[in-house]
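K.L.:
What follows is each chain in one-letter form.
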Amino acid sequence: GENVEQHPSTLSVQEGDSAVIKCTYSDSASNYFPWYKQELGKRPQLIIDIRSNVGEKKDQRIAVTLNKTAKHFSLHITETQPEDSAVYFCAASGRGGADGLTFGKGTHLIIQP
Amino acid sequence: KAGVTQTPRYLIKTRGQQVTLSCSPISGHRSVSWYQQTPGQGLQFLFEYFSETQRNKGNFPGRFSGRQFSNSRSEMNVSTLELGDSALYLCASSLVSTGGYEQYFGPGTRLTVT
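Which chain is which? The protein sequence lines are W and H, in order. Counting in the working numbering, the first sequence runs without a single skipped number right up to 115 at its last residue. Counting in the working numbering, the second sequence runs without a single skipped number right up to 149 at its last residue.
No lab work stands behind these hints, which were simulated from the structure alone. All figures in this text were calculated on a predicted structure; none of them were measured in a lab. Quick reminder that beta carbons are idealized off the backbone N, C-alpha and C, glycines included. Don't take every hint at face value.
[Claimed, not checked] Derived Cβ-Cβ restraints for the label pairs, each shown as a range:
(1) T115(H) - N5(W): 27 to 37 Å
(2) E41(W) - Q76(H): 15 to 25 Å
(3) R65(H) - S28(W): 27 to 37 Å
(4) Q76(H) - H74(W): 15 to 25 Å
[Said to hold, decoys possible] Here are a few chain W residues that face chain H, going by a calculated C-beta distance under 10 Å:
(5) Y34
(6) P36
(7) Q40
(8) K44
(9) P46
(10) Q47
(11) L48
(12) G57
(13) K59
(14) F91
(15) S95
(16) G102
(17) L103
(18) F105
(19) G106
(20) K107
Just chain W, with the same shape it has in the complex (with noise of 0.2 Å):
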């Protein structure tokens, strides 16, 4: 089945700089990526996803870039905020989308003011 691996596990930002979380995957046929964001005690919120005929998608400061070909997939926060800070969770579609999602185990960003 697929596997997402989430890189990293923690990171620490200045208010204003930029964080990137990166992640990748091993079944070539999965198609869809979602990126969640977890506040302490809430539910996981859909914030971006890509799919698998796209390179890359913004959402005012937050982007998605998909790379197929190395099955990897990244979410950049520009000029973060306070409010930014929570964990994220990358995913992945396996076998097409037949599969249910598999989530990455999380990076607890944190934005130091």
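With chain W fixed as given, assemble chain H onto it according to the hints.
P.N.:
Chain H alone, transformed into the frame defined by chain W:
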């Protein structure tokens, strides 16, 4: 439009008992997926139901089962509870089957097994 709801929010059970959790998807959504979240294993896929049929299943023992009703509401059952079943159980709803479509999570049910 109301979001995904789950009941109950908290449960305490004893080893060997069984438990049933409920999930109501976003109106119009026909797919419900269940996930287990623990500090050690992270978020793990349990199974997905679409149009009252189990569409796919993760790598969990047969003690974990589910079903979906004609109104798309779903229930998950865990029999013969073990200490290791203590976790946050999340359901997620999707407009159609999960392949390549956005999934929206409920608040979860926190299950503690003693």
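K.L.:
For each hint given before, does the structure comply? Return the numbers of the non-compliant ones in rising order.
P.N.:
Hints 12, 13 contradicted; others consistent.
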